[in-house]
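Anchor point for the sequence shown: position 70 equals 444 in our numbering, and the numbering is continuous, going up by one each time.
Hints should not be assumed to be uniformly reliable.
[As the list claims (entries may be wrong)] For each label pair, taking beta carbons as the anchor points, the in silico distance ranges come out as:
1) Thr-438 - Ile-382: 18 to 28 Å
2) Glu-450 - Ala-399: 20 to 30 Å
3) Arg-458 - Val-409: 14 to 24 Å
4) Arg-458 - Ala-411: 19 to 29 Å
5) Glu-416 - Ala-379: 11 to 21 Å
If you're looking for bench data, these hints aren't it; they were derived computationally from the structure.
Treat the numbers as computed from the prediction; the structure is a model and nothing was measured.
For each residue, glycine too, the CB sits at the ideal point set by N, CA and C.
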Amino acid sequence: MWFLALRIALPVRFGARSLMVHHIAVAAPFRRIGVGAALLAEVQLRAKALKVTSIATSYAPFNTASQALFASIGLEPINVFAERRI
């Protein structure tokens, strides 16, 4: 699932027309054979068609598979979100 986000420019960041990848999942029998890469290839095609300026997502630090998949298309961590459960 993805959605288009329009962010106005602020003193701490540039404005952006961003496509946000909210969820991506591949069933266990189909992992590591290129399904995730194919899904992200389609995301990139749609992003170009929508004339977005960035593709973004979030994932848990322990999810190294997601981290590697998103890094494979050039996504780099740019922000850290911290939380303390109480």
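Per the hint of 11 to 21 Å, is the separation of the Cβ atoms of Glu-416 and Ala-379 within bounds?
holds (18 Å)
So the hint says 20 to 30 Å: do the beta-carbon atoms of Glu-450 and Ala-399 match that?
Hint holds: Cβ distance 22 Å, inside 20 to 30 Å.
Satisfaction of the hinted span 18 to 28 Å by the C-beta atoms belonging to Thr-438 and Ile-382
violated (34 Å)
At the C-beta level, are Arg-458 and Val-409 separated by a distance inside 14 to 24 Å?
violated (36 Å)
Pairwise beta carbon distance, Arg-458 to Ala-411, judged against the given window 19 to 29 Å:
For Ala-411 against Arg-458, whose Cβ atoms are near 35 Å apart, the range 19 to 29 Å is violated.
Going through the hint list in order, the structure does not satisfy hints 1, 3, 4.
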